[in-house]
Amino acid sequence: MKSRILMFTFAFAVWCILCWVPDTQHLIAGAVVALIVAAIMGSMFVTRPHMLFNPIRVFYFLFWYIPIFIWELIRANFDVAYRVIHPSMPIKPGIVRLKTELKSDTGLTFLANSITLTPGTLTVDINKDDGILYIHWINVVGSDPETTYREIGSRFEPMLKKIFEEDVVK
Amino acid sequence: MIDIIGMIFVGTGLAFDVLGCLGLVRLPDVYNRLQAATKCVTLGTCSILFGTFLMSGGFTPTGFKALIAIVFLVLASPVAAHAISRGAHRAGIKLWDKSVVDSYAEDREGEA
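Chain order of the listed sequences is V and A.
Mapping to this note's numbering: the first sequence position 104 is 104, numbers consecutive.
Numbers given in this note's numbering equal positions in the second sequence, counted from 1, plus 170.
Some clues are possibly wrong.
With the Cβ distance kept under 8 Å, some of the chain V side facing chain A (calculated, not the full set) [stated by the list, open to error]: (1) Pro93; (2) Ser104; (3) Tyr134; (4) Val140; (5) Thr147.
No lab work stands behind these hints: they were computed from the structure.
The beta carbon of each residue, even a glycine, is placed where N, CA and C say it ideally should be.
Starting from the given sequences, assemble the full structure and let the hints guide the process.
Take a look at the structure:
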């Protein structure tokens, strides 16, 4: 139920922003649409509502994860630009395994998305039971677990673990 | 002044979009192409939208829509790339000849 209420609030807020400046007609239509969305999709939105209201987690997410993510995204673009423009295309592609300790759906989703948008890597598949991500790497340095973790996982995994997983945050 | 900064953002975004398209043409197989397409087009389009946000005068109706579009784009484009690459691999599309390693195919041999 809590998840449905959150979903309704979120959908309604997005609607209000999308048809800024709100007037009565828009607000009524938005409320109806948000209700339908919340009734159908509500149960899958947030499975652990208490995580969302933990100020330390939100703080870490906004001021630690997002700046690093944007920096990595810009680096990724220059990396791809370099490989594309270079006459001989210095690429050495392959699919490698990355072992992860994250368990929650949100954490895994954010890890996979971060990996896709950072230099030279693209998530192909996730095996949730064994905690393995299959990653297409444009410039393979090595396929053993230590190398892949050092080169790909270590940038984001500890951070996401702190934000989405651990029970007590300091 | 703010218009000029917005213009710079739009220009950078266009440059990255062009590079992404160039990558789409030059790189050898579907996975490498997805890499170029996803990364460059995400940052390029986000940059264009942010420039639009600045040039439309900040938090106006247009500006709000641009910001919301950035959030959706950043969330959706990696997911789309993931879905396409996974689908391609499951449909049996081979990696480029000079690829070094394919752990995914090794692990999936028993399954299929």
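Verification of the hints:
1. Pro93: Holds, about 5 Å.
2. Ser104: violated (17 Å)
3. Tyr134: Result: holds, 4 Å to nearest chain A Cβ.
4. Val140: holds (5 Å)
5. Thr147: Cβ of Thr147 of chain V sits 11 Å from chain A, so the hint is violated.
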